[in-house]
Every structure is written in structure tokens, then in C-alpha cells.
Amino acid sequence: AQKVTQAQTEISVVEKEDVTLDCVYETRDTTYYLFWYKQPPSGELVFLIRRNSFDEQNEISGRYSWNFQKSTSSFNFTITASQVVDSAVYFCALTSGSGNTGKLIFGQGTTLQVKP
Amino acid sequence: DVKVTQSSRYLVKRTGEKVFLECVQDMDHENMFWYRQDPGLGLRLIYFSYDVKMKEKGDIPEGYSVSREKKERFSLILESASTNQTSMYLCASSLQWDTQYFGPGTRLTVL
Chain A
1 AQKVTQAQTE ISVVEKEDVT LDCVYETRDT TYYLFWYKQP PSGELVFLIR
51 RNSFDEQNEI SGRYSWNFQK STSSFNFTIT ASQVVDSAVY FCALTSGSGN
101 TGKLIFGQGT TLQVKP
Chain B
1 DVKVTQSSRY LVKRTGEKVF LECVQDMDHE NMFWYRQDPG LGLRLIYFSY
51 DVKMKEKGDI PEGYSVSREK KERFSLILES ASTNQTSMYL CASSLQWDTQ
101 YFGPGTRLTV L
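These protein sequence lines map, in sequence, to chains A and B.
Under the working numbering, the first sequence has 67 at position 67, and the numbering climbs by one with no breaks.
Under the working numbering, the second sequence has 31 at position 31, and the numbering climbs by one with no breaks.
To be clear, the hints were calculated from the coordinates, so they are not data collected in a lab.
Treat the hints with care, as some may be off.
[What the hints assert, rightly or not] Covered by chain A, per the in silico footprint, the following chain B stretches (three or more residues, Cβ under 8 Å): (1) 18–29; (2) 38–48; (3) 81–94.
[As the list claims (entries may be wrong)] DMTMM-like mimics (lysine to aspartate or glutamate), calculated; alpha carbons at most 25 Å apart, straight line: (4) A:K70 to B:D98; (5) A:K38 to B:E69; (6) B:K3 to A:E44.
Where a beta carbon is used, it is the ideal one built from N, C-alpha and C, also for glycine.
Bound conformation, chain A alone (with noise of 0.2 Å):
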């Protein structure tokens, strides 16, 4: 069975602060993908990364940084200097290879508040 788990359902910070959302998976394929996608208040969910399970290099992109790591099935988000912007739901989400046509298995989502 796939899961996708996000523990912290809600965190809350203060501009500036460094936050970490956490996400962990499971799955039996060998060949998988995981994302995060950010959902502001607008409602739209918007892509922000994709890495493919055979690539653990760890991705920076300005103040968003990803760790993944296949020995723990884990697949943790860094915001730096958190913005009162960043405030929305965070999805992490696994679609894997079994001949599947691209299904994604989400998480429960993290809401993500930055305080001024």
C-alpha cells in the first residue's frame, strides 16, 4: 500500500523564523516520485518540486530547500527566513511506477501560518 503521512497538520511561526514540514511515505515500488505542492488561500495548488526516487541529491530553490531521504522514506521542506507569503497548506504527494497513469497519493496537508 502507498501512504503519504504529514504529521504536523498545523505550525505556526514568526516572520523570519525558519520552519521545517515534514513528510514521510511509503510505498513498495522501487521507481516513485514525490512533490510538494503549496496551496494558498486562493485555492489553487501550485507545483514546487518533483524528485524521482532515484535521485537523492538534496534541491535548493532561494528560501526552499528539500531533504530527501530514501533511509527513512522521508521528504522534509525547509522554508528559510519564513514570510508572512508562505502562509498556506502544504501537500507532500507520491505517485509511483507500477504502470499506474500518473495517480498521486497526498498527504493530509500542513497549514502553515507566518506571523508578522
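With the hints as your guide, set chain B onto chain A.
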């Protein structure tokens, strides 16, 4: 630039009405998806389509049907809307099992 559009941002319907939610993508993607999002339940897949005229049930297809007559358009149909179908509906598209790109969503209220 990727573009997925949905016919309405907000929609109010009455119980028993037939409701059509339209989704259009301009990226020539094979796959298209319909999700609903409810507080505490996350995103749940209703139906998806991996080619024109092809469709597969997702996790919660009951009460819904879909239509994909053209590659760029994927319609979600509520044959007889009920109050428990009040929700946020999100459409997405992707190339095979590549990244899914989402539309802005439709907030449907059934009275």
C-alpha cells in the same frame, strides 16, 4: 506556461440539479484528473482519464460521472446534486506520470 482552467470559481446549485464542471488544459497532456477537497479529508480522487474517451474510477466515484470527448477537455458531471457534494473541486492534468498541474478550483455549494 502551463494552463489549466475551470469553468467557474464559485457555483451554487439546488439539490437534484444536474451540474457540469468543465476543465480545459492547453498543454496537450494525456492525463486529466478530478479531485474533491474537504476539510479533514484532504484531496480525494474522483475520476481520471488517460486518453480521449477513456476514464477510470478514482477513490470516490459514487454520484459522479465524467466525459472526455477531446484531449484538452475533461468534464465532471453530478447527475443529481446532493448537499453532501458541496465541496471544492480541483482539476489537474499531466503527461503520463509526470507532474500534475492544477486549475484554480471550483467551490460548489449545493442547497
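key: Unsatisfied constraints (hint numbers, rising)   = The structure breaks hints 1, 5; every other hint is satisfied.
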